[in-house]
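Chains Y and W are the protein sequences, given in the same order.
Number 127 in my numbering belongs to position 127 of the first sequence; there are no gaps in the numbering.
Number 56 in my numbering belongs to position 56 of the second sequence; there are no gaps in the numbering.
For the record, the hints were derived by calculation from the structure and aren't laboratory data.
A virtual CB, placed ideally from N, CA and C, is assigned to each residue, including glycine.
Any given hint could be a false lead.
In silico contact screen, one side only, chain Y against chain W (beta carbon under 7 Å); selected entries [what the hints assert, rightly or not]: (1) E40; (2) M44; (3) A47; (4) L61; (5) I62; (6) H63; (7) A66; (8) Y70; (9) S84; (10) T86; (11) A96; (12) T101.
Here are some of the chain Y residues that sit facing chain W, going by a computed Cβ distance under 10 Å [claimed, not checked]: (13) K23; (14) F71; (15) I81; (16) V82; (17) E90; (18) V95.
Number of protein chains: 2
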Amino acid sequence: MWQLFQFPLCPFSRKVRLLLGEKGVGYDLVRESPWLRRDEFLDMNPAGQTPVVAGEGGITLIHSQAICEYFEETCPRPPMIVGSATERAEIRRLVALFDETVHNEVVAPLMSERMLKRIVLRTSPDAKALREAMKIANTHLDYVDWLLDHRRWLAGAVLSLADLAAAAQISVADYLGGIDWRGHERTKEWYAALKSRPSFRPLLSERMEIVTPPPHYDKVDF
Amino acid sequence: MWQLFQFPLCPFSRKVRLLLGEKGVGYDLVRESPWLRRDEFLDMNPAGQTPVVAGEGGITLIHSQAICEYFEETCPRPPMIVGSATERAEIRRLVALFDETVHNEVVAPLMSERMLKRIVLRTSPDAKALREAMKIANTHLDYVDWLLDHRRWLAGAVLSLADLAAAAQISVADYLGGIDWRGHERTKEWYAALKSRPSFRPLLSERMEIVTPPPHYDKVDF
Ligand SMILES: N[C@@H](CCC(=O)N[C@@H](CS)C(=O)NCC(=O)O)C(=O)O
Ligand SMILES: N[C@@H](CCC(=O)N[C@@H](CS)C(=O)NCC(=O)O)C(=O)O
Numbered sequence: 001m002w003q004l005f006q007f008p009l010c011p012f013s014r015k016v017r018l019l020l021g022e023k024g025v026g027y028d029l030v031r032e033s034p035w036l037r038r039d040e041f042l043d044m045n046p047a048g049q050t051p052v053v054a055g056e057g058g059i060t061l062i063h064s065q066a067i068c069e070y071f072e073e074t075c076p077r078p079p080m081i082v083g084s085a086t087e088r089a090e091i092r093r094l095v096a097l098f099d100e101t102v103h104n105e106v107v108a109p110l111m112s113e114r115m116l117k118r119i120v121l122r123t124s125p126d127a128k129a130l131r132e133a134m135k136i137a138n139t140h141l142d143y144v145d146w147l148l149d150h151r152r153w154l155a156g157a158v159l160s161l162a163d164l165a166a167a168a169q170i171s172v173a174d175y176l177g178g179i180d181w182r183g184h185e186r187t188k189e190w191y192a193a194l195k196s197r198p199s200f201r202p203l204l205s206e207r208m209e210i211v212t213p214p215p216h217y218d219k220v221d222f
Numbered sequence: 001m002w003q004l005f006q007f008p009l010c011p012f013s014r015k016v017r018l019l020l021g022e023k024g025v026g027y028d029l030v031r032e033s034p035w036l037r038r039d040e041f042l043d044m045n046p047a048g049q050t051p052v053v054a055g056e057g058g059i060t061l062i063h064s065q066a067i068c069e070y071f072e073e074t075c076p077r078p079p080m081i082v083g084s085a086t087e088r089a090e091i092r093r094l095v096a097l098f099d100e101t102v103h104n105e106v107v108a109p110l111m112s113e114r115m116l117k118r119i120v121l122r123t124s125p126d127a128k129a130l131r132e133a134m135k136i137a138n139t140h141l142d143y144v145d146w147l148l149d150h151r152r153w154l155a156g157a158v159l160s161l162a163d164l165a166a167a168a169q170i171s172v173a174d175y176l177g178g179i180d181w182r183g184h185e186r187t188k189e190w191y192a193a194l195k196s197r198p199s200f201r202p203l204l205s206e207r208m209e210i211v212t213p214p215p216h217y218d219k220v221d222f
């Protein structure tokens with residue numbers, strides 16, 4: 001059985017979990033708090049980051065995108081990086097947009113202000129940084145609205161890793177109270193459809209210690 | 001013919017150029033300075049970042065890793081994400097280590113202090129930020145030394161995209177005077193071997209306006 005080293009609010013681990021869920025690959029969760037910089041974890045991944053997937057025969061997979069590509073290659077059904085080479089490039093562009101731009105501008109500041117400061121540093125959040133992150137979140141949701149005006153799913157006609165990567169980042173931002181859904185009807189419908197998938201249910205029911213999500217967080221109808 | 005939108009010191013464009021060079025794919029360079037936020041460029045890539053590759057038939061490829069995966073799929077010879085699924089995961093882990101960790105901790109601060117402040121902001125660099133970046137560069141080179149004590153190339157027995165990604169980031173840091181090669185003999189030999197490859201020669205001969213590299217920068221024997 002695969003082991004996934006993660007913590008409940010790691011968006012990159014959520015992306016991997018959604019992919020494994022869609023493909024029906026079983027795994028055990030191992031709780032890892034990368035900010036503790038545990039020696040045994042650093043031996044496994046010198047970068048000290050979650051997610052890490054460990055398997056039988058001493059296989060260690062590191063970095064969410066390397067992990068997703070691995071399972072796409074070894075468990076190709078249903079395909080999540082799907083289509084022609086050009087369509088696959090569009091999926092990977094969008095995955096990177098959420099993993100990098102949306103993460104750095106929105107999710108990382110929210111995690112730092114509302115999770116790490118609370119759990120690790122025990123200081124209060126910076127209201128200005130939070131406001132800025134939520135403002136940028138709004139412009140990214142505008143872009144998702146626009147994509148969904150042109151396409152059924154984010155990268156095209158079928159569900160792909162782009163949707164999973166986007167939902168992973170958005171769900172962590174939503175848990176941390178960083179998403180104002182008003183005026184984003186298209187994105188809300190798309191997110192409701194994802195929330196009701198069996199791959200998403202276990203994620204929505206988990207809680208991070210101390211930090212509580214808003215009441216709408218785990219509701220499919222929100 | 002493909003067009004690659006880039007500027008001489010963009011490490012992600014260098015990774016793409018090295019890959020295209022190794023695969024013998026022809027392309028024209030189009031100079032793009034993303035900090036100018038040119039409207040036509042933002043229409044092409046809403047993220048506003050280089051590299052972008054544009055091709056016949058209106059294909060637009062965005063994000064260096066999406067671009068590399070595209071050419072790996074469409075021009076598989078010689079393979080650069082090579083080997084079994086596990087070996088490919090190790091290549092992608094190392095690519096991400098250089099594109100993300102090494103870039104953020106070393107190359108991005110060097111570019112900001114020694115290139116953007118010079119060309120765009122016309123202010124002087126922050127000596128403390130530069131010292132810190134060079135100190136971290138040294139610990140990353142220690143890790144490369146260690147990898148090369150165990151493997152012929154970074155990810156294993158054969159040249160792969162991991163070597164190209166690493167050389168791309170290191171070459172930009174080296175151009176900006178951020179690499180102290182003393183004590184890194186193994187990495188130096190590996191880098192000399194890469195520097196002498198035909199795919200690398202054109203990159204080393206190009207210059208960014210105003211910013212001059214140290215004399216050893218383009219020498220294979222350094
Ligand atoms: N791009 C990496 C990012 C991984 C990442 O940033 N993980 C965070 C948790 S969400 C982490 O471990 N941070 C601790 C650290 O960087 O030291 C991936 O996709 O796997
Ligand atoms: N992870 C992206 C990074 C691209 C990137 O950061 N490009 C820089 C130039 S080296 C850029 O365009 N920066 C301008 C900006 O971010 O606004 C990739 O691999 O393509």
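Each hint, compared with the structure:
no.	hint	verdict
1	E40	violated, 18 Å
2	M44	violated, 12 Å
3	A47	holds, 6 Å
4	L61	holds, 5 Å
5	I62	holds, 5 Å
6	H63	holds, 5 Å
7	A66	holds, 4 Å
8	Y70	holds, 4 Å
9	S84	violated, 9 Å
10	T86	holds, 6 Å
11	A96	holds, 5 Å
12	T101	holds, 6 Å
13	K23	violated, 14 Å
14	F71	holds, 9 Å
15	I81	holds, 9 Å
16	V82	violated, 13 Å
17	E90	holds, 8 Å
18	V95	holds, 8 Å
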